[in-house]
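Here is what each chain is made of, one letter per residue.
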Amino acid sequence: EDQVTQSPEALRLQEGESSSLNCSYTVSGLRGLFWYRQDPGKGPEFLFTLYSAGEEKEKERLKATLTKKESFLHITAPKPEDSATYLCAVQARTGGGNKLTFGTGTQLKVEL
Amino acid sequence: DAGITQSPRHKVTETGTPVTLRCHQTENHRYMYWYRQDPGHGLRLIHYSYGVKDTDKGEVSDGYSVSRSKTEDFLLTLESATSSQTSVYFCAIAGTGGDDGYTFGSGTRLTVV
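Going down the list, the protein sequences come from chains H and G. First residue of the first sequence? That's 34 in the numbering used here, and the numbers climb one at a time after it. First residue of the second sequence? That's 779 in the numbering used here, and the numbers climb one at a time after it.
Chain H on its own, in the form it takes in the complex (with noise of 0.2 Å):
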């Protein structure tokens, strides 16, 4: 069975504090590991797939990188709407159907 574990559940930083959000995973088989951010009363909304360990994907001031059992979403002097709870989520070789496994999130709180 697919699992996907995020630490910490919450986390609270000022404007411009650099930090990580963990993503650990055990998957049969990775296809890819998926990034997605979601804002209250909103649905996820995509970042990132990697695909392979090592890769890396940047986009503002987010980086994801992957390793063979984790993955890590760097945030680089965050700013307030940064503020959201980012997903992670896998995705299988076999089982079809292109399904996703998500982890519990973390909510991210980034202030003044």
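By construction, these hints were calculated from the structure, which means they are not laboratory data. Among the clues, some could well be false.
As the list claims (entries may be wrong) - Computed list of lysine-lysine pairs in DSS-like fashion (alpha-carbon distance at most 30 Å, straight line):
hint	chain 1	residue 1	chain 2	residue 2
1	G	Lys789	H	Lys75
2	H	Lys75	G	Lys831
3	G	Lys848	G	Lys831
Let chain H serve as the given structure and place chain G on it in line with the hints.
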């Protein structure tokens, strides 16, 4: 969200009544999904579809059924709603490649009283 809409956005229903949630897409994507999101559990897959009339169960399918008679519409039905089905329901779509992940709808908040 562009290309995918869910209806209704909010619904309150009584225990034991049937409820149908609708997901409509304009992207002509092959895959459609229904998830529920609950505190402490994250997003859990209920059912998904990989084509017209082709559907399969997810991890929390008990008490739910789905239908897809057209590419653009995916319906989720609670045959007899229970309080444990109070949740936020999200529909998502994905193309054949799936490399961009899913595009999610805005969700339906369902309360069963």
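Outcome of the hint check:
1. At roughly 16 Å between alpha-carbon atoms, G/Lys789 and H/Lys75 fall within 30 Å of each other, so this suggested pair holds.
2. As the CA atoms of H/Lys75 and G/Lys831 are separated by approximately 29 Å, the hinted pair is consistent with the 30 Å bound.
3. For a cut-off of 30 Å, the pair hint linking G/Lys848 to G/Lys831 stands: about 8 Å separates their Cα positions.
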